[in-house]
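Residue numbers (this note's numbering), protein chains in the order written: chain Y, 16 to 116; chain L, 2 to 170; chain D, 1356 to 1774.
Derived by calculation from the structure, the hints in this document are not laboratory data.
Cβ coordinates follow ideal geometry from the N, Cα and C atoms, glycine included.
Heads up, a few of these hints could be off.
[Unchecked claim] Ranges between beta-carbon positions, derived for each pair:
hint	chain 1	residue 1	chain 2	residue 2	range
1	Y	Leu69	D	Gly1774	30 to 40 Å
2	D	Lys1753	L	Leu103	46 to 56 Å
3	D	Lys1753	L	Phe9	44 to 54 Å
4	L	Arg84	Y	Gly71	34 to 44 Å
5	L	Lys29	D	Val1698	41 to 51 Å
6	D	Met1748	L	Gly161	12 to 22 Å
7	Y	Leu69	D	Gly1544	23 to 33 Å
8	L	Ala101	D	Val1448	56 to 66 Å
9	Y	Gly71	D	Leu1765	27 to 37 Å
10	Y	Gly71	D	Val1383	56 to 66 Å
11	Y	Lys103	D	Leu1386	34 to 44 Å
12	L	Ile19	D	Leu1386	30 to 40 Å
13	L	Ile19	D	Met1748	37 to 47 Å
14	D	Val1383	L	Ile19	33 to 43 Å
[Claimed, not checked] Result set (DMTMM-like, lysine to aspartate or glutamate): computed pairs, CA atoms no more than 20 Å apart in a straight line:
hint	chain 1	residue 1	chain 2	residue 2
15	D	Lys1405	D	Asp1717
16	L	Lys87	Y	Asp84
17	L	Lys87	D	Glu1443
18	L	Lys87	Y	Glu88
19	L	Lys87	D	Glu1621
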Amino acid sequence: MVPITTLHYLVVAAALFVLGVIGVLTRRNVVIVLMSIELILNAVNLNLVAFSRLWGLHGQVFAIFVITDAAAEAAVGLGILIAFFRNKETVNVDEVDLLKW
Amino acid sequence: MTPVATPFFFYMLSGLMIVGGLLVITRKNAVHSALALILTLLAQAGLYLMLYAPFVAGVQIILYAGGIMVLFLFVIMLVNLERMQKEKQFNKQWLVGLAAALALGAMFVAVYVKGRALFPEHVVPLPEGQNTQSIGLMLYGNYMFAFEIASLLLLVAIIGAVVMAKKRI
Amino acid sequence: MLNYVTSYLDKNVQVTPGQAGNLFWALVYILCVFGGVSLVVVCMNWLERKILAHMQVRIGPMRVGPHGLLQPIADALKLILKEDIIPEGADTVVFWFAPLIILLAVFSVYCVIPFGPTHAITDMNIGLLFMLGVSSLGVLGIVMAGWASNSHYPLIGALRSSAQMVSYEVAMGLAVVSAVLMTSLNAQGTGTLSMIGIVQAQQSQHVWFAFKFFPLGLIAFVVFAIAMVAETNRAPFDLPEAESELTAGFHTEYSGLRWSLFMLGEYAGMIAVSSIATTLWLGGWMRPFPNLLRAPAWDMAFSLFPALTFFGLAGLTFYGAARMAKTSFFRLQAMGLAGFGGVLGLIGLILLLPPVRTGIQDIYWFVAKIAGFLYLFIWYRATFPRYRFDQLMKVGWKVLLPVGLGVLILTAAAGVVAG
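Next comes chain Y alone, as it looks inside the complex:
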């Protein structure tokens, strides 16, 4: 069995990133779009921590900051979702078109 190198972790992170991008671009439910954004952030974190094993602890510190920012962003994003839902009674991304001509 080939030993597990950093490249293996990077490939897994890339796959997760692609899955997250597909989720953001193709789903109509805002909550699932937000969850796909969390997938993207996790892929980035995995990348950072995989590299930190080669080049020192800075990657892990950056990963902790990314997790903190993801928490803040999820909170504000879900707050916006609740505010929007209160107005329009739907969580469909296609119906966020109040500024359309």
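With chain Y held as given, fit chains L and D onto it using these hints.
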């Protein structure tokens, strides 16, 4: 401690992660997606442990799986998604989106294949028992400014979320 | 193979089975923990009903066995034989998984709890962080249970319960950080997150952390004690499962064996957080006054406590058997009770043997402290009225959080001044 059965654990955990990611983007029911995302996050914590990053793994479980996902589940329950479950799940340009994402994936593969020589496997011998202490010293030493900015960011996020979700400001 | 198994029994081994890489003994310890927790849950069922009853000036169950001692077995049989009802429109997969997630979260905490210097399943470097993390996964199980039931009482109960647990996790975390801060006040200035390391820090600093920097350690301990009652959804914070308010909250729609999984999770959670509190503040497995009363005579006196406890229990049992009515109906019960008393006395005698006596010390004092906490849980349930939900959240965020922060800052200042 010497690592044991590394390829087995790596393939199992990354398989769980990829399966969880696929379930997140394809389920009709938002609660099922959230549970699949929790599976992905826990598998990722396992991968962090394999990369000798126990503190980040602990933070991932506490904050992400135990905090952010509870927030997601709360909002899914407060927002009535029953009607959404019966509509179409994928939007009209799903083919273009899929193609763009796959092109991005192909770009990743190209970068990794061409740049193989850039990742030499010299592993920094990080003292295993000292991970938390070293991260603490770095957070409060080199990255003190970023730490304070992050706490300010969290304060702004708290105020913003409370204001957003209030009925009357 | 045999060498692998017996290598852990070597006297010079000073690590836990997990650290020594000995999976066989780790499995043995895991089975012991499972068995012990199940036994304690069964005892807690009976004890809770009896103690609540006596505090409310009535006697509890008396019919099933002598003094109701076989009541938990009758309860378990009833729950196993009940019909398993899944409500219509419930999400079956999530309905199935919810009790399992709670049990997983609660039982994973036992991996890091030390019953002695080497008596733990494993000792991680981030043991405390792991404990906080997996106990926060229990909230997910409750939310899943409430959602999957497709009914509004469980949903409201689940939302209330998860909001309460998340709020009190913050206060718990701050109290825990105060304790970890106290571990770093040694000569090298290095603290540790490993549970065994925290107890050994208390041992080397010659003080239980509850009494360190008096009253700061005590306030941190009290904050944790209050937060842990709220974490486990016990009275007075049991609005999510209050029978008069929400018809049993998030586990309303669960019947039979599934409901017993929730009950097992709740009691196991109580034991888990009690053992965390014991490890962090009450000196873990150390006997009282290990440094003040150090002479071998005191060691001998304290080592007799396990045997004396069992002799006391046997004495109470014999007294109860002697007091039973002398009619033929009660003769069988009196004989059964006397037999039980005999078994307890026999265990007490076994605990008098010198090798057993020295080996059981750590485990006995740890379990004794946990037993004290469990009695406090039952006492709170009998005594305090229930908190209303807004009062509950007010206490969690506006009282415990500032107090926890204040204790943390003052502990850090005291540490700097003292060192």
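Do the hints match the structure? See the list:
1. Under the hint 30 to 40 Å, the C-beta atoms of Y/Leu69 and D/Gly1774, about 37 Å apart, fit the expected range.
2. Between D/Lys1753 and L/Leu103 the beta carbons are some 52 Å apart, a value that agrees with the proposed interval 46 to 56 Å.
3. Taken as a hint, the range 44 to 54 Å holds for the pair D/Lys1753 and L/Phe9, whose Cβ atoms sit roughly 49 Å apart.
4. For L/Arg84 and Y/Gly71, the hinted distance range of 34 to 44 Å is not satisfied, since their beta carbons lie about 51 Å from each other.
5. In this structure, L/Lys29 and D/Val1698 break the distance hint of 41 to 51 Å, their C-beta atoms being roughly 58 Å apart.
6. For D/Met1748 paired with L/Gly161, a C-beta distance near 20 Å keeps the hint of 12 to 22 Å intact.
7. In this structure the hint that Y/Leu69 and D/Gly1544 lie 23 to 33 Å apart at CB holds, the actual value being about 30 Å.
8. Remark: the range hint 56 to 66 Å for L/Ala101 to D/Val1448 is contradicted by a beta-carbon distance near 33 Å.
9. With their beta carbons about 35 Å apart, Y/Gly71 and D/Leu1765 fall inside the hinted range of 27 to 37 Å.
10. Checked against the hint of 56 to 66 Å, the C-beta distance between Y/Gly71 and D/Val1383 comes to roughly 40 Å, which is inconsistent with it.
11. Between Y/Lys103 and D/Leu1386 the CB atoms are about 56 Å apart, so this pair departs from the stated range of 34 to 44 Å.
12. Restraint check, L/Ile19 to D/Leu1386: a C-beta distance of roughly 34 Å satisfies the suggested window 30 to 40 Å.
13. The hint said 37 to 47 Å for the Cβ distance between L/Ile19 and D/Met1748, and at roughly 39 Å that hint holds.
14. For D/Val1383 paired with L/Ile19, a C-beta distance near 36 Å keeps the hint of 33 to 43 Å intact.
15. Distance hint between D/Lys1405 and D/Asp1717 is unfulfilled; the C-alpha atoms sit about 29 Å from each other, more than 20 Å.
16. Taking the CA atoms of L/Lys87 and Y/Asp84, the gap is about 33 Å. The hint is violated against a cut of 20 Å.
17. In summary, the hint linking L/Lys87 to D/Glu1443 is supported, as the alpha carbons are separated by about 19 Å, within the 20 Å threshold.
18. Only pairs whose Cα atoms come within 20 Å are accepted, and L/Lys87 paired with Y/Glu88 is rejected, the gap being roughly 28 Å.
19. For the proposed pair L/Lys87 and D/Glu1621, the alpha carbon gap of about 37 Å is over 20 Å, so the pair is violated.
In summary, the structure is inconsistent with hints 4, 5, 8, 10, 11, 15, 16, 18, 19 from the numbered list given earlier, while agreeing with the others.
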